[in-house]
Amino acid sequence: MAAPAAPATAGRIALRHRLADRGMDRTLLLLVPAVVFIVALFIYPFVYGLQLSFQPQPGSETVQRYGSGPFADYHAFFADSYLRNTIWTTLKLSLPAGLFNVIASVPIAYRMRGKFRGKRTITTILVVPITLGTVLTAEGLLAFMGPTGWLNRLLIDVGIVDHPVRFTHNYWGVLFSLIISGFPFAFLLTLSYLSGIDPTLERAAATLGAGWWQRFRFITLPLLAPGLAITFCLTFVLAFSVFPSAVMVGDPSGTTRVISIAAFHAAFEQYDYSMASAIAMIMGAVELIVVGLVLGWRASLYRGASGGKG
Amino acid sequence: MSAAIATERKGLALRPGAWLVWGAVVFFLLILAGVVGAVVVDSFGTRWFSGWLPSGWTSRWYGKTWHEFDLGNVLVVTLEVAVAVVVVSLVVGVPAAYALARRTFPGKRVLMVAFMLPILIPPITYGVPLATVLYKFHLAGKLSGVILANLVPAVPFVILVMTPFIEQIDPKIESAARMCGARTRVIFTRILGPLLIPGMLAAAVLILVRTVGMFELTFLTAGSDSQTLVVALYYSVSAAGIRAQQEIDAMAVIYTLFMLVLLVVALRFVNPTQLVTQIKERD
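Note that the protein sequences, when read in sequence, are chains A and B.
When you line the first sequence up against the numbering used here, it's residues 26 to 335, in that order.
When you line the second sequence up against the numbering used here, it's residues 922 to 1204, in that order.
Don't take each hint at face value.
Heads up, incomplete: computed chain A residues facing chain B, CB under 7 Å, no partners named [unchecked claim]:
| no. | residue |
| --- | --- |
| 1 | Pro70 |
| 2 | Pro83 |
| 3 | Val160 |
| 4 | Leu166 |
| 5 | Met273 |
| 6 | Ser285 |
Chain A regions said to be covered by chain B (calculated; three or more residues, Cβ under 8 Å) [unchecked claim]:
| no. | stretch |
| --- | --- |
| 7 | 55 to 63 |
| 8 | 72 to 79 |
| 9 | 111 to 124 |
| 10 | 228 to 236 |
| 11 | 255 to 268 |
Selected chain A positions facing chain B (Cβ under 8 Å, derived; list incomplete) [stated by the list, open to error]:
| no. | residue |
| --- | --- |
| 12 | Leu66 |
| 13 | Phe67 |
| 14 | Ile128 |
| 15 | Val131 |
| 16 | Ile133 |
| 17 | Leu157 |
| 18 | Thr159 |
| 19 | Phe169 |
| 20 | Val272 |
| 21 | Ala305 |
What the hints contain is simulated information worked out from the structure, not anything from laboratory work.
For each residue, glycine too, the CB sits at the ideal point set by N, CA and C.
Given only the sequences and the hints, what does the whole structure look like? Please build it.
Quick look at the structure:
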């Protein structure tokens, strides 16, 4: 018995050594809790939701109208213009908000990239709206930009308008809230990308006689572009999932009925979890398409040394 | 002195671009001050229908909102959720970050992508299926469900923050300790532990702030007695009309103060540009 056992042990040790050579040893056991966690609370719900979205809920409106085939919920979503239009409503809010945040932060960050007194104060103040979150921003916008708020009062007293301008409970209110909570984030990211660009490159261009516009257009901007693509993606993702502000300062049944409201409505007001999962999947797909397009464009850009670390 | 000021003025006057940029910054900060200021002023006013300021001042709204919304309880729930999320996410995340920082193994890239997805996908997208699963197992609507849901972005965040932090600790220190006869457990408690504390503190504070501010996941999974402050605020706003606007604003001010205290504590440990480099590493 002892003779056959010896090679087996040797084989086991060899396997263990072979695995250790590739970095597989007992240290990897430390990963187990995190892997179990991510599988149980992220991957399983996601797969469950995906599978649920192909099984229309019996007795739901979808089944009565479009049958119980696997794609009935998706069919229902795209056939109903009230649901289908939520995609455009969301894109109409999140694309301008993302673009504005990125484009506005470029000149400001360009001006502030050097060292000056009070820079730390300004960056600290700009972190505040990130921590306040959308709920408080929306509440503040209602008070500040409402019909009797300070902004309308100022506009009337100065004589720019005769009647209060409607800033809240419409498209603009939501856009403002997205800019207030998204701009500081985009600005801080752009600033850190800009400070990663070697300033001597611009000076070299200046000695060759390039004006500030040429220096910005042909030196800084190409190096900054990959970083801007990432910044855009992150602010876009934040704006795309807008939910509380679309309800609070928006017009949740009309012009700002974004896709997350539709998903929430299906899940917790109609209790049609299949439809809600289908909407969540469509939401994820649309978002990943936009992010994929931007990242695809980014892949075609120069990303070498002294770039904005993008 | 006056000559220096004059040249400085001239320098500024020569650049309309600089004025435009600084004007935009001041404009943004003014709007920000207006948004926060309007809420604070209203919460202390007796009545404010017209005019620049309320007709009188009072602090009774704070007492009223505290009792009517049972804010003491809400604050306790908020802290319970936040502390539980911080502790569990550190216990689960730090060992994983250690393994990811020290070993390269087949499938590591796939694992990294799986850990990054909950941060890149917006909460509502995975929150709806997650809430469905939690309701299926009768966990949603309770404190445990809220904690579990909030852990989903928190654990990847710990891994994201801690992996580069552990990478920059020299592995020779561990080898030296091992050579001196330290066992694995001793290495973790006596050698790595103290070295990791600054990183763990930074991660803990950031998660605390994120969890207190996290609306979507808590909103999708909370029941009536497991609401956090931000969800209670949302409900009070969307059910406005029953209660005085000032009460809601008082609640918003309490929330702001709560966040501000956390922020001040956070900024003692983390610097805001560090926040950005951490975000940058998501790429």
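Verification of the supplied hints:
1. Because the smallest distance between the Cβ of A:Pro70 and any Cβ of chain B comes to about 4 Å, under 7 Å, the interface hint for this residue holds.
2. This hint is violated: A:Pro83 has a C-beta 16 Å from the nearest C-beta of chain B, more than the 7 Å allowed.
3. Hint status for A:Val160 relative to chain B: holds, with the closest Cβ pair at about 5 Å, below 7 Å.
4. The restraint placing A:Leu166 at the interface with chain B holds, with a minimum CB-CB distance near 6 Å, inside the 7 Å limit.
5. For A:Met273, the suggested interface contact is upheld, since its CB lies about 6 Å from the closest CB of chain B, less than 7 Å.
6. A least Cβ separation of about 4 Å between A:Ser285 and chain B falls short of the 7 Å threshold, and the interface hint therefore holds.
7. Here the stretch 55 to 63 of chain A counts 7 residues with a CB under 8 Å from a CB of chain B, which clears the bar of 3, and the coverage holds.
8. Only residues whose beta carbon comes within less than 8 Å of a beta carbon in chain B count, and the stretch 72 to 79 of chain A has 4; three or more means the coverage holds.
9. With 0 residues having a Cβ less than 8 Å from any Cβ of chain B, the stretch 111 to 124 of chain A misses the three-residue criterion, and the hint is violated.
10. Figure legend: the stretch 228 to 236 of chain A, annotated as covered by chain B; annotation inconsistent (0 residues with Cβ-Cβ distances under 8 Å, at least 3 required).
11. Only when three residues or more bring their CB closer than 8 Å to a CB of chain B does the claim for the stretch 255 to 268 of chain A stand; here the count is 7, and the claim holds.
12. At its closest, the beta carbon of A:Leu66 sits 5 Å from a beta carbon of chain B; the interface hint therefore holds under the 8 Å criterion.
13. Residue-level restraint check for A:Phe67 holds (minimum Cβ-Cβ distance to chain B is 5 Å; threshold 8 Å).
14. Hint status for A:Ile128 relative to chain B: violated, with the closest Cβ pair at about 12 Å, above 8 Å.
15. Hint on A:Val131 is violated. Least Cβ distance to chain B is approximately 10 Å, over the 8 Å limit.
16. Interface restraint check: A:Ile133 against chain B, minimum CB-CB distance 5 Å, threshold 8 Å, status holds.
17. With its C-beta approaching chain B no nearer than about 6 Å, A:Leu157 sits inside the 8 Å limit, and its interface hint holds.
18. The beta carbon of A:Thr159 comes within 7 Å of a beta carbon in chain B, closer than 8 Å, and the hint placing it at the interface holds.
19. Annotation: interface hint on A:Phe169 holds; nearest CB of chain B at approximately 4 Å, less than 8 Å.
20. Taking 8 Å as the C-beta contact cut-off toward chain B, the hint placing A:Val272 at the interface holds, the least distance being around 6 Å.
21. A hinted interface residue such as A:Ala305 counts as satisfied when its beta carbon comes closer than 8 Å to some beta carbon of chain B; here the least separation is about 4 Å, so the hint holds.
Consistency with the previously given hints fails for numbers 2, 9, 10, 14, 15, ordered from lowest to highest.
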